[in-house]
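**Q** With chain Z fixed as given, assemble chain C onto it according to the hints.
Residue-level listing of the chains:
2 protein chains.
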Amino acid sequence: MNTDASTKRPGGRSARVRAAVHSAAVALVSERGADQVTLPAVAERAGVNSSSLYRRWGTVAALLADIAKQRGDADAPPLVGDLRTDLENQAVWTLAELSRPGGIAFFRAEVAPDVDERRDGLRECLRRVSERFRSVLDTAREHGDATPPPPLEQVLDRIIAPLYFRVVFSIPGTDEAYVRELVSGLIGEPPLEP
Amino acid sequence: MNTDASTKRPGGRSARVRAAVHSAAVALVSERGADQVTLPAVAERAGVNSSSLYRRWGTVAALLADIAKQRGDADAPPLVGDLRTDLENQAVWTLAELSRPGGIAFFRAEVAPDVDERRDGLRECLRRVSERFRSVLDTAREHGDATPPPPLEQVLDRIIAPLYFRVVFSIPGTDEAYVRELVSGLIGEPPLEP
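Same order as they appear, the protein sequences are chains Z and C.
Read left to right, the first sequence gives residues 1 to 194 (UniProt numbering).
Read left to right, the second sequence gives residues 1 to 194 (UniProt numbering).
No lab work stands behind these hints: they were computed from the structure.
Just so you have them, the derived chain Z footprint on chain C, three or more residues with Cβ under 8 Å:
(1) 159-166
(2) 169-181
Non-contacting residues of chain C with respect to chain Z, defined by C-beta distances greater than 10 Å in every case (computed):
(3) 40
(4) 41
(5) 58
(6) 66
(7) 68
(8) 75
(9) 78
(10) 80
(11) 144
(12) 192
The C-beta atom is built at its ideal place from N, Cα and C for all residues, glycine as well.
Next up, chain Z with everything else stripped away, as it sits in the complex (with noise of 0.2 Å):
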């Protein structure tokens, strides 16, 4: 997190423009793509002076970086200690981010152009999504569960992966039964209900 105005005086003047930005720059993003948004246009939407927008973020790599950071995993469902339950919902939850509208512009503006700000966006959103399932990891880990733990590498590789691939690539069927079939390719078929 940084440390302006917003974030010493939670609800003040300041913070009320961060969100108005935010959500600005969310819609405009979903209407047009990305690389179609610019900081006037999303200054306009939010009803503030674009140079406010320059001076606090720069540029629109910079705003989408702190929507991203800010929103974080704040919305992501809580874990319940089962191995599989937690990585099925932590991946269908992923899934869903990754395929709102938004969703995968964030993603595609953190992949694509603009050098370091991309370095910097790409190593936050891998950060994040192992974060997340680093906490699945320990939690079942913790808990004992009769299934040890995959490494957070597997993981990443059996689940994340072919998740981002698909989204990406729009390739169909990358649904929630998909998400279920990746995790028990990973961990096992659940046990038959008896």
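**A** Chain C alone, transformed into the frame defined by chain Z:
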């Protein structure tokens, strides 16, 4: 393949211009990143008039798509008819393509901005990689290998998706040994040497 002059008169002026423009574009993308390349800059580097680039390709994205198409899989390693060897060879080649300067830039160009062309670029990118691995599976099937080949979908999920993900996110240790691990993860460990 298109049917423009370069195809009708191989080695003609049009083909020479195309080759010069392609190599200028590849060099500029490597130096600056795909987002910093313009048609006039490519024209200048190639020593041709930029109006002919606008006429022939229209946009940088279309030019990059043409390069990707023309490059195609011409220099991919030949199939030997053994499932493991062919999966490993094609996957190592795919990884090298993605990893070299320009390679990931082209992938990024395909993933990133510009709506309709992006969609076409992604479709083409997925088609190419799918074709390459479909041939591997068909050849293994014809050779009647002991191990029946997995479905193409599994090859995409278990080998290609992790490679793309790891190159995009610059995850270290993504090398030939790692490719062999992915292949063994999918079709089983190779038999021990006697």
